[in-house]
Amino acid sequence: MAEQFRTCPTTGLKVHLPAEALIKVNAVAAVVCLLVGGIAALLVLLTRWPAIHLLNEEWFYRLLTAHALDMLIAWIIFFEVAGLYFGSTVLLNNRLPAPKVGWVAFILMVVGGALINFSVLAGRATVAFTSYVPLMAKPEYYLGIILFAVGALTAVLHFFAALVVAKKEKTYEGSLPIVTFGLMCAATIAVFTLLHGAAFYIPTFLWSAGILPHIDPMMYRLAFWALGHASQQINVCAMVAMWYLIATLTTGAKPLNEKLCRTAFLLYVLFINVASEHHLLTDPALSIWHKIANTGYVMHLAVLASMIHAFAIPAMIEVAQRKKGFTKGWFEWLKKAPWGNPAFASMFISLIGFGFVGGITGVTFGNMQISMIRHNTWSITGHFHGTVVLGTTLAFMGITYYIVPLIFRRQIFSETMAKLSPYFFGGGVFLFSNAMMFAGGYGIPRRHWDVTFAGASIPFQFDPTAFFFIALTGLGGLLAIIGGALYVLNTVASVFIGKKIK
Amino acid sequence: MSISVERIWWRPLDREEKIWVTIALIWCLGTFFMMPVWHVIAKQNTPNESYKVSVDDFEKLVTAFNEKYKVGVDENSGLPIVHPPVGSDVYLAGTGIWQWSSILELEVGKQYRLHLSSIKGGGAEAWQHGFSIVSSKFNANLMMIPGYDNVLTVTPTEAGEYGLICNEFCGIGHHLMAGKIIVKG
Chain A
705 MAEQFRTCPT TGLKVHLPAE ALIKVNAVAA VVCLLVGGIA ALLVLLTRWP AIHLLNEEWF
765 YRLLTAHALD MLIAWIIFFE VAGLYFGSTV LLNNRLPAPK VGWVAFILMV VGGALINFSV
825 LAGRATVAFT SYVPLMAKPE YYLGIILFAV GALTAVLHFF AALVVAKKEK TYEGSLPIVT
885 FGLMCAATIA VFTLLHGAAF YIPTFLWSAG ILPHIDPMMY RLAFWALGHA SQQINVCAMV
945 AMWYLIATLT TGAKPLNEKL CRTAFLLYVL FINVASEHHL LTDPALSIWH KIANTGYVMH
1005 LAVLASMIHA FAIPAMIEVA QRKKGFTKGW FEWLKKAPWG NPAFASMFIS LIGFGFVGGI
1065 TGVTFGNMQI SMIRHNTWSI TGHFHGTVVL GTTLAFMGIT YYIVPLIFRR QIFSETMAKL
1125 SPYFFGGGVF LFSNAMMFAG GYGIPRRHWD VTFAGASIPF QFDPTAFFFI ALTGLGGLLA
1185 IIGGALYVLN TVASVFIGKK IK
Chain B
43 MSISVERIWW RPLDREEKIW VTIALIWCLG TFFMMPVWHV IAKQNTPNES YKVSVDDFEK
103 LVTAFNEKYK VGVDENSGLP IVHPPVGSDV YLAGTGIWQW SSILELEVGK QYRLHLSSIK
163 GGGAEAWQHG FSIVSSKFNA NLMMIPGYDN VLTVTPTEAG EYGLICNEFC GIGHHLMAGK
223 IIVKG
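These protein sequence lines are chains A and B, in that order. Going by the working numbering, the first residue of the first sequence is number 705, and it counts up by one from there. Going by the working numbering, the first residue of the second sequence is number 43, and it counts up by one from there.
Isolated chain A (complex conformation):
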């Protein structure tokens, strides 16, 4: 089996070649999905900007659906699968127990993703991301999602199998590294999340195929958000794991207290999945006290977890920096941090953005009375772009600058592009999300082709101030797309024509 490994010259880590191949294909698939989703994002953005209003309504709703699925499902999950293989093999000097299973999972995900995109772009599934019944897509749309989810679940179980092998073969000493530990927490959440997904996507598929006569809309909403909300916590967990990894790689920092950091990860696993009724606060059928118990109670222990990471990561960076001699005043350590390193910049902007833009607004809008004001407005869209775009996506972009040299063994094509990308992307999404939330405060709805209501038979107008914030959203979005394009171009160029590293 020795020939199946190579030793990384930079880190001295043992890399299992079949695992490396799987990390590569999943990472490439992720970036391709980011490209497709990004093009959809640009077209959607230019349509929601009333001054441009690019697409017609049919294509707008199609591309909006495609944007959400390619980004939130395909880009993020492909990348996470690559991360899971990385965390369970390279970081542990370990082998992937069944590479063939890894390929089956990958193929299932690619076929599923292709089916979804075909169905949506052909206009057979203009149902938005949530596909709230009785909006009905053609059966292949639900089948695509099911195949993708089965593939993802297979990869997650494979990850657990790799952990068992590493433990048995004693490839590492002591406890799991915190990055792998964080990924393990993400994978645990992924298992019950994907099972929730099966609980309603399978019946909905049968309903679309004409086998089941009826799906109850409230039952659908309840089950959907058990997937839809909890799955975002996979992203949170994976993102935080990447923060720890990047902090260590860029500044040599180590967690000050592993007990604290790991307890925080466990709090995510135990408590964050219950907050799914945030999405249902203005719905009928569930009582007030049911909603309060679900969204108010233990969810805050998961908020506590984020507060702990928000402390622990800057603290470990500070200690590492001070050890290097950056001890002047309170903030020299931060001022002299490696801001020119795109991975560090991505990580830190992601950390600040996730906390202050995505996290705080999430907790706030999850309050029942505020939810009544913000529900289904653009504020919600602003909130989750703060979490999954400014937070998760930017963190994943950051780690790419290490994956390309370490796994693809190619130099980054352009250092300038790499340096600029996180600032354009982070700054852009920061402006975009905040402007969107202000616009939502005026009642601007999400998922809406024409907020001027030009064709409506009853005239309706928003406060003109809202349109100022819509224009700001457009500007922020364009900046983010420039940053995203720099990232995609640079990554693709690095992988295909970057200088080889021996």
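Derived by calculation from the structure, the hints in this document are not laboratory data.
Taking lysine-lysine pairs in the DSSO-like style, the calculated list, with each CA pair at most 27 Å apart, reads:
#, chain 1, residue 1, chain 2, residue 2
1, A, K1123, A, K1039
2, B, K152, B, K226
3, B, K60, A, K963
4, B, K152, B, K110
5, A, K1204, A, K728
6, B, K60, A, K958
7, B, K60, A, K1028
8, B, K60, A, K1027
9, B, K162, A, K842
10, A, K1040, A, K1027
11, A, K1203, A, K718
12, B, K102, B, K112
13, A, K874, A, K728
14, B, K152, B, K102
15, A, K872, A, K804
16, A, K1032, B, K60
Dock chain B against the given chain A, drawing on the hints supplied.
Same frame as chain A, but now just chain B:
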């Protein structure tokens, strides 16, 4: 090189860590307790009354309500303008052809029970709609789910015309769903 992590689970938290976790925990407990507390002391709450009702039955209720209290017709949209008696049950739905079931006329300072749901109204299906009332001063949003009656007890406090839009994606006509509620002084 092999990666190993020292087993340091027994190491106690440092002072700074203890302070931070305590502050964070207190803040979390605060926001947690405010959820039920707001529900008791706040003046505007989400409805806590809802019923299961078949889409067809709710459509009958809406039609009967519209016919009984109709005071006029909006010229452009053809929607009935409906003025229900003070304190009565008011039925409002989004329809399968992406319209509102009526333009309501309510009176300032009087309480109504507003029943919100979704009906076919001549369309293919009763979609999920979002009831979003928008004015320059405030907006409020509630879900209209087919098969469920979401009951909002409401007292308009200021006269005027309030815009009503759908903010749950309900299909290709979603962006045409503008309506209004008129509150008379």
